[in-house]
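Participant: Spelled out, the chains give:
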Amino acid sequence: MMTKHVMNEPIGETRLDRNTQGVIGKGVDRYEGKLKVSGKAPYAYEHLIGEDVAYGFVVVGPVGRARVTTIDVERALAEPRVLAVVTGDAIMRSSAQPMSPAGQTMDGEIFHYNQPVALVVAETFEAARSAARLVKVEYEAQDGRYEIESRRGSGRASDTGPMAADTERGDFEKAFAEAEVQFDQTYRTPSYHAAAMEPHASVAKWDGDRLTVWSSCQLLETNIQQIANGVGVEVSKVRLLSPYIGGGFGSKLGIGPDAVLAALGARETGRPVKLALTRQNVFQATSRRGETIQRVRIGLTKAGQITCIGHETETPNSEGEGFFEPSGISTNFLYPGKDRLVTHRVIASDVLMCSAVRAPGEATGMLATECALDELAEQFGIDPVAFRRMNEPEKDPQEDVPFSSRKLLDCIEEGAKRFGWADRPATPGSRREGEWLIGYGMASASRANSLMESSAEIAMSPEGRATVKTAMTDIGTGTYTILQQIAAEMLGLPLDHVDVLLGDTSLPESSGSGGSWGANSAGSSVYVAAEAMIKEFAKRLGVEADGLTLKDGHAIAHNRQIPFSEILKGETLTVTGKIEPGDTADKTNQASYGAHFAEVAVNATTGETRVRRLLMVGAAGRILNEKTATSQCYGGQIWGIGYALEEALVVDPRNGLIVNHDLAEYHVPVQADVPKLDVVLLEERDRYASPLAGKGIGELAIAGVGAAINNAIFNATGARIRCYPVTMDKLLPHLPDEVSAAA
Amino acid sequence: MRPFEYTRASDVAEAGRLTGRFIAGGTNLLDLMKLEVETPAKLVDITRLPLRDIEATDDGGLRIGALVSNSDLAADSRIRNDYEVLSRAVLAGASGQLRNKATTGGNLLQRTRCGYFYETSQPCNKRDPGSGCGAIGGFNRIHAILGVSEHCIATHPSDMAVAMRALDAKVETQKADGSTRILALDDFYRLPGDTPDVENALEAGELITGVRLPKPVSGSHRYRKVRDRASYAFALISVAAVVRMDGGTIADARLALGGMAPMPWRDTAVEKALIGQEPSMATFEKAADILLADAKGQGENDFKIPLARRTLKAVLADATKGA
Ligand SMILES: Cc1cc2nc3c(=O)[nH]c(=O)nc-3n(C[C@H](O)[C@H](O)[C@H](O)COP(=O)(O)OP(=O)(O)OC[C@H]3O[C@@H](n4cnc5c(N)ncnc54)[C@H](O)[C@@H]3O)c2cc1C
Ligand code: SF4
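Taken in order, these protein sequences are the chains called A and B. Heads up: the first sequence at position 360 corresponds to 366 in this note's numbering, and the numbers run straight through without jumps. Heads up: the second sequence at position 240 corresponds to 241 in this note's numbering, and the numbers run straight through without jumps.
Please note: incorrect hints may appear among the correct ones.
To be verified - Listed below are the simulated EDC-like cross-link pairs for lysine to aspartate or glutamate, each with C-alpha atoms no more than 16 Å apart in a straight line:
no., chain 1, residue 1, chain 2, residue 2
1, A, K557, A, E572
2, A, K10, A, D510
3, B, K322, A, E441
4, A, K736, B, E301
5, A, K593, A, E184
6, A, K42, A, E52
7, A, K308, A, E184
8, B, K102, B, D73
9, A, K344, A, E572
10, A, K736, B, D253
11, B, K35, A, D668
12, B, K35, A, E132
What the hints assert, rightly or not - Under 8 Å between C-beta atoms, here's a sample of chain A residues computed to sit facing chain B:
no., residue
13, L41
14, V187
15, E632
16, E671
17, P675
Hints in this document: simulated from the structure, not taken from any laboratory. All residues carry an ideal CB built from backbone N, CA and C; glycine is no exception.
All chains should be built: construct the whole structure from the sequences, respecting the hints.
Facilitator: If you want it as C-alpha cells, here you go:
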C-alpha cells in the first residue's frame, strides 16, 4: 500500500500538533546512542569481521598536474602477501559530486597533488601499505594552476552549480552608482576541509555479478549509481549499506574514491576488500570547500536604508567540475534592495576538487555579508541590531513572493535580550580586563530550506510494534531518533515500540542526508506512511480517521479503546509513504533563521582570540527533538569558531600541495577553544515547508556565527580583518603598542 | 611503512649494542614511519628499561629517567614545587593521551613539524640531505626566525625542552660501547648549518638514560605559550622564564624561547642585560632588541618577530611585578 503526499498546499493541524503520545519535540536520547558508545554500531570499515577479506592501500601521484606515462607494479606484485595492484583509467581522482551520476576518473592523468592512481590489495593492511611504496609512478609534469588570486577575472559562470550562477533584479550598477552612500569591500575565505572524524572507508564484496558495498555515504540513491557507473555494472546489481556514519559534513554526499577502488580490488582478487582512506588521503583525495574572494557592494540612503545589494564571488574548481561555492545564496533574500546582483565565477584550478561542505554558500557568504552589515552599522553609528531591524524586507526581495515564515527579527531581539547586548562596549577597543580586550558581536543567520522526494515503509507487527524502514542515512545528526519519534507520535506508540532501519539501498528510496533537508524529507515520508496506516485502522474500525485517537498502542474512538493487536488480527500491516516537494516551494520563500551573539577576548599582547560565550537563537519550524536539534546547533557554533579563528586548508601555490593535510596541522576547534554554548530555539510552525511544519536546522547554526565572532573582534580591538581566519598575525599590527597592563 | 625488525632491550647496557632505532612512546617515531619520513630497518623497544624514576641527586637536583612519561613528569610534586616552569611547559604540550605515552627522552628528540619534512615527495634537506628546502619560499608560517641556515629553517617543536634549557638541564647518555657522558642542552642540540639532518650530538646507538636538573632555582617561574588554538597546537612562540628579584632589581634571569629556532633558544646576553636592572619597559625592550638582533623572517613567519618581542616583554613584566 503506497501513499503519496505532494506539498502543494500548506498543511493544517496534524497529530503532531495534538501531541497525544507526547513524544514529538521531546529531547529524548539517541536511538542508537548506547550502541555507539558500547562499540556495537558498526561503521563501514567494521563489516565482514572474521571473513576472508583482503586489504587495500591507495597509491597516490605525488605531483600537482601531470600525465601519467607508466605505472610499474612489478615490484609491488612480487612482495609477499600482495594479491593485486589495481590500475587503470577508471580510478576516481577524488570524491564524486553530490548529484552527479558518476565520479570523475583519472584517465591517465594526475589532476591534483596526491591524487589516487592505483590500489594495492594484500592479505594484510600492513603488507598492502608496505608494497604501495614500490609502485612506481612515472609521469610528465605539466604546468598547474594552484591559486586564484593572480587569475581574478578569469572565471566562468557555471550552469551546473548548486544554484544559478547569476541572479539579477533591476539595474544594480546604475542603482549603486547613484546611491547616496556606497559600501564596497572585498572579503576572503580560505579553502576548508570537512574533516569528519570517520575517514572515508568501504568494504566491497562480490557474489557472482552482484556487488555489496558497505561505505560511509550520505546520499545512498545517488551513491549507488556512482558505484555502479564506476565499476561498470547495472545499478540493480549493487547493494549499498551505510548504517552508521562518523560525520560527513558534505564530504560524503558523493562517494569517495575508496568505494569504487574497493569494488575493483574485490573483483580482481575474488576476495572481499576493505579500504579505509588514510587521514592524508582524506585531506587530499576526497573534496574540499573552495576558497572565495567576495566583493560585497551595498547602496544605501543617507539614513541607512539599503537600496541595492551586490555580491560577487570568485572561487576555484578543478577541470570538468561545475560546482561552485554558492556564497551569494542568502544574499538573494536576506536583505532588501530593489536592484540586486549576485554572481559566482569559477576559476579553473588544478587542486583537489571543490564540493559541498557544511552549509555550502551561507557558511562562507555570511562571513562576508554579516561582516559588511556590521561595518555599515558602525559607519552609520547605528546599533547592529537596530540596523538589521531597519533593513528587514517584507517579502522575498528577489522573487517577490512571501516568506513562508521568517522570525529573523524575533531571534535577534530575543538574543539581544538574553545575551545582554545592551552592555556591548560602545566604542571599539574600549573594554579591557588585564591583558584581554573584550568585545561583543552579532550576526544574522539564514539557511535556505528544501524538501526532497523521500519514501519510507512502516510495518506494524501483529503485537503492535512498528518498524520504520528507509534508505535514509544518519550521519550522526539524530535521524534514527527523530524518525522513531515521528512514527511513535503519529501511531500512538511508546518510543520503545518503534524500531528504525536505515542506511540500506534495499529499503525504500530516500532523500539521504544533506543540505539540512534530511529530517524534513525523510520525516515527512514517515508521516505520510503513518497517515496511511491510520486510515487503514479507521477503515477496519469503521470510523473516520479524524475521529480516531491513538495512544499507547490503543485506538480510541467512540469511547472505546481497542488494542492495535485486535485491529491487526494476527497479521503484519505494511504501508509505504512518499513525500514530494510541490507548489509551496515556488509560492513561498522558505528558509530557517537565527541570530548569533558572541563575546570574545583578544589578548592585547599576542593577538590570540578566545571566544568567551556564544548564544544562538534560532527558528526552524517545528523542532522534532530538542536535544538533537540543539546538538546540531552546538556543532554549528563550534564550526563557526573554527571558521572565524582557525581553519584554513593551505595550498602551496608553487606546486599545488595541500600542506596541512592532517588533523595536527589543519586546525579545527578543540575542547579548550569552546566556551559555554547557549542555544535557544523559538516556537515556530512552517506549514508551507512540509507536513511536519519543520525546516532544516543543521546548517543554520554555522551560517553567520564566524562573522559574529569577527564582529566581536572588531568591537574588542577596532581592527576589521576581512580575510579569514582572523589569526594573530593579522591582528598584531592593530594591537596597542604598550603590551602589558601588568607592568 | 616499511617492514622492520623489532627487538626489546632488557637492560640499559645492552640497548646500544642492539644497533637499531630506539622506540619509546612512539608518538613521534611511528607517525613518521607510517609516512616513510623515517625508515628504520630495526626498532629497539626501550620501554622495559628501568628508566622511569625521578630521583634526587647528590648536588641537590633531580635526575629524570628517560622513560618518565610527560604526564608523570608534570605531575611530580618535586617538579611542580621546585621546577614549576618545567611542569607548566610539559602541560602546555600535546594532549593528555599523548603526554601519557610520550617520554622524556623521546620528547627531547621529537622532530620538526615542518609540512615539507612530512611530505616525502617534497624537497627537504633534513629528511633527504641535498634535496633542497621546500619551506623556503613555501608555507613557512610556523618556521624559525633565529639560528636558521639557507638549508633549513625548521623549528624544534618541544615545549619541555624549552623549560629544561632555561633550567640548565643536562642530558645523560650511554654510548653503544657502554661509556656514558653528560651534555648540557646547548651542546646537545645542533643548529642546522649545512647538515640539518644532524639535530643533536648523539652517536649511533647512544641512548638517553636521563635528564639532570641542577638544584632548584628560586624566583618566579613562567611558561607562556602562544599558539593558534587554546590547546593541542605547537608553539608559535613560547617563553620559559625564571626570574628572581632582589629589592627593586632583577637579581637573576633565565630565559629560553621555543617556536623560534631549530633548538630551544637561550641567549645569555639577553639575561645579562636584565640582571642588576630595575624592571621597566625600556629594560625589557632592550633585552628584546638583543634577543632579536639577528632575527629574520621568511615572509609568512615575519609576525613572529614582533610576537616574540611582545611576548617576552609581557612575560618579563609579569615575572617581575610586585617586586
Ligand atoms: C598531534 C601531536 C601534537 C603534539 N603537540 C606537542 C606540543 O604541543 N608540544 C610538544 O612539546 N610536543 C608535542 N607533541 C610531540 C610529543 O611531545 C612527542 O611526540 C613525544 O614527546 C615524543 O616522545 P615519545 O616517547 O613518544 O618518542 P618516540 O616517538 O618513541 O621517539 C622519538 C625519537 O626519539 C628517539 N628516542 C626515544 N627515546 C630515546 C632514548 N631514551 N634515547 C635515545 N633516543 C630515543 C627515537 O628513536 C625517536 O627518534 C605532539 C605530538 C603529536 C602527535
Ligand atoms: S625547513 Fe628544514 S625540515 Fe622544512 S623543508 Fe626545509 S629543510 Fe626540510
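Participant: Against this structure, judge whether each hint is valid.
Facilitator: Quick rundown of the hints versus the structure:
At roughly 15 Å between alpha-carbon atoms, K557 of chain A and E572 of chain A fall within 16 Å of each other, so this suggested pair holds. Using a Cα cut-off of 16 Å, the hinted pair K10 of chain A and D510 of chain A is violated, with the two alpha carbons roughly 21 Å apart. A C-alpha spacing of about 14 Å is found between K322 of chain B and E441 of chain A, which places the hinted pair at or below 16 Å, so the restraint holds. A threshold of 16 Å between alpha carbons decides the hint, and for K736 of chain A with E301 of chain B the separation of about 11 Å falls inside it, so the pair holds.
For the hint linking K593 of chain A to E184 of chain A, the alpha-carbon distance of about 33 Å lies beyond 16 Å, and the restraint is violated. Of the supplied pair hints, the one linking K42 of chain A and E52 of chain A holds, its CA atoms being roughly 13 Å apart against a limit of 16 Å. Taking the CA atoms of K308 of chain A and E184 of chain A, the gap is near 12 Å; set against the 16 Å cutoff, the hint holds. Note on K102 of chain B and D73 of chain B: the hinted pairing holds, with a Cα-Cα distance of about 10 Å set against a maximum of 16 Å.
Annotation: proposed proximity of K344 of chain A to E572 of chain A is violated, straight-line Cα distance about 62 Å (limit 16 Å). Of the supplied pair hints, the one linking K736 of chain A and D253 of chain B is violated, its CA atoms being roughly 35 Å apart against a limit of 16 Å. The straight-line distance between the Cα atoms of K35 of chain B and D668 of chain A is roughly 13 Å, inside the 16 Å bound, and the hint therefore holds. For the proposed pair K35 of chain B and E132 of chain A, the alpha carbon gap of about 10 Å is at most 16 Å, so the pair holds.
Given the 8 Å rule on beta carbons, the hint for L41 of chain A is violated: about 24 Å separates it from the nearest Cβ of chain B. Below 8 Å, beta-carbon pairs count as interface contacts, and V187 of chain A has none with chain B, the closest being about 35 Å; its hint is therefore violated. The beta carbon of E632 of chain A comes no nearer than 29 Å to any beta carbon in chain B, farther than 8 Å, and the hint placing it at the interface is violated. The interface hint given for E671 of chain A is met, as the beta carbon of that residue sits about 6 Å from the closest beta carbon of chain B, less than 8 Å.
Residue-level restraint check for P675 of chain A holds (minimum Cβ-Cβ distance to chain B is 7 Å; threshold 8 Å).
The structure fails to meet hints 2, 5, 9, 10, 13, 14 and 15 from the earlier list, while all remaining hints are met.
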